[in-house]
Amino acid sequence: MLLSILEQGLIYGILALGLLITYRILDFPDLTVDSSFPLGAAVSAVLTVRGMAPVWTLFFAVLAGCLAGLITGLIHVKCHVRDLLSGIITMTGLYSINLNIAGKANVPLFGGDTLFKNPFTRAFPAFLAPYATLLIILVITLIAKLLLDWFLSTKAGFLLRAAGDNPSVVTTLAQDQGRVKILGLMIANALVALSGAVMCQQQRYFDISMGTGAMVIGLASVIIGTNIFRSLRFMRSTTMALIGSVLYKASVAIALQLGLDASFMKLITAVLFLIILVISQFRPKKVRLHV
Amino acid sequence: MFEVRHIDKTYSPGTVQETCLFRDFSLAIEPHSFVAVVGSNGSGKTSLLNILCGSIDVDQGTILMNGEDITRMKDYKRYRKIGRVYQNPALGTCPTMTILENLSMADNKGKRFNLTGGVNKKRIEAYKEMLLPLGLGLEDKLSVPVGMLSGGQRQTLALLMATMTPLDFLILDEHTAALDPKTAELVMALTDRIVREKQLTTLMVTHNLRHAVEYGDRVLMMHQGNIVLDKGGEEKKNLKVEDLLGLFNTISIECGN
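Same order as they appear, the protein sequences are chains L and R. Sequential numbering of the first sequence, starting at 6, is according to my numbering. Sequential numbering of the second sequence, starting at 184, is according to my numbering.
I should point out that these hints are in silico values taken from the structure, not numbers from a laboratory. Keep in mind that a hint or two might mislead.
To be verified - With the Cβ distance kept under 7 angstroms, some of the chain L side facing chain R (calculated, not the full set): (1) Ser158; (2) Phe163; (3) Ala167; (4) Asn171; (5) Ser173; (6) Val174; (7) Thr176; (8) Leu178; (9) Asp181; (10) Thr244; (11) Val276.
As the list claims (entries may be wrong) - Computed footprint of chain L on chain R; a stretch qualifies when at least three of its residues, placed anywhere within it, have a C-beta under 8 angstroms from a C-beta of chain L: (12) 272-280; (13) 306-314; (14) 395-405.
Note that the structure is predicted; figures quoted are calculated from it, not measured. We treat Cβ as the ideally placed atom computed from N, Cα and C, and that holds for glycine.
Can you build the whole structure from these sequences, using the hints too?
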C-alpha cells in the first residue's frame, strides 16, 4: 500500500506543481485543470494505442495541456471574462474535445507496452522490479519539479511571481501582465496534462471522468504542503507541494482503509479538502496579507 | 515633454452617477520640470495621473509624450519611459519576493524578461551601495521578503525601484501620504535628489502644501477638473504656503465645506 501511495502521490504531485502556479503564485482559481488532466491522459492513451513509444506521448500531452491553458488565458485576458468563468468555459468545452480525441469514454491500454511495462523496465534486475514504476514516476516528477524551480528563478519566472504578488509592478515594469498570466496558465496546464498522461500510463486506461475533482486534489496537496512546512524558509514551495500530495494520498488511503467504500472516493476527496481548508485558516496568515 | 490637449472625461456616462470631471482640459509639462499638483479630494489630480499613464481612457482629446500621440497606447507600453510611485507602499513592490529579487526585477526594466537568471550576482554590491546611504539598514536585508518591511522602508524601496533604469518621467501619486512625518521627509528628500540627478520630468500629486512649494518648480492647484492656480518661474519663487492655503480655503467655502 505504501508503494501505491507513493506512486499515486507523486503522479498527483505533478498536478500539484501546476496548481502551485495558478493558485499559489498567480492567485488564479483555474478550473481548466479538471479537463486538462484527462486531456493529457486521452492524448497519451490514443497515441500509445496507435503505436507511439509511451515516453513520447508525454510530450504531446504536455503540448495539449499548454493549448488548454492558452485558451483559458485568452478567454480571460482578451475577452475580459472573469478568471473562474474562463476556466469553467474551457473545462466544459474540453470535455467534448477529450471524448473526440479518445474516440470513446474509456480507452484501455492492456496488452501493449506502457511507460511502466516495456523492454526497458523488463530489463530491471529482479530486486528492483517491484519498484520500477515508482522509480520512473520519481524521475519524471523530479524533472518536472527541477524544471519549474529553474524557471521560477529566471527573469521570466520572477515576472510570473510578480504577476500574482502585485500585478501593478508588472505593468510599471513596462510588461504586459496579460501575457504573463497566459504564460503561467500554459505552464500550469502543461504540468496537469503531464500528470494525467502519467496517471493513464500507470493505471493502464483512460477514462473521461478521471479529471473530476483533479483541481480539489491538487489544491488540497498544495495547501497541506505549504501549511505544514510554512516555517521552513529553506524549503522550496515545489517540494512542499510534492510532499503535500503524497500526504494527501496517504490520508485518502487511510480513509479507505477504515472501511469506507471506494464509491465514496470523491466524497472523501471533498471532505478532506474541507477539513484541510478549515485547519489551515487557524494558522497565521501568510506574508502577502501584510499588504 | 508631457502634454494633454482638450481632453474630456466623464465617469459612468448614461447613469445617475454620471459625473463630468474634465471638459476641454489642457496641460503641458515642460521637460525636466518638477510640477507639484495640489487640490481637494475629487479635484481630478489622481485622474490626471491615471490618464497620463493609461490606467483610464479619455473620451476626447489627445495625450502626447515627447511629441508622440499616445492616446491609444496601452498602459504598460507607456511605462517604458515612466516611473510611478503610488500612495499605498504595497503597490510598488512584490511582498513575497525578497528585496534582492525586487531590485533585480526593477533593474531589468526595459530589457527582456527571458530565461536567464533572475538575479545578477554582479549587481548585488551596487544594490548595497544604493541602499546604504538611506540609513534604513536595508542593505543587510537583501534576502528578506519585502512584505516584512515597514511602510516607510517599502515606499523607499518602491521609489528606488521606480527610478533605477533610465526614464524620462516620474509620476508620484501622494507617495508620502501614508508615511509618518519623519519618513515622509526622508522619502521626499530622496525623491528630490533622484529627480535632480536624473533630470526627470516629474509630476507629483500631494496634499502636503509645504512639499509642493518647497520642491516644485511649478505649482498647480486643481479644483473640479480645472486648474485654478498655476505658478511657475519667478511667480513660483514668491509663492508661500499661506497663499496656497488661503486659496484652498476660499474654494472649500464655495463648495460649502
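Those earlier numbered hints the structure runs against, lowest number first = 10, 11, 13 and 14
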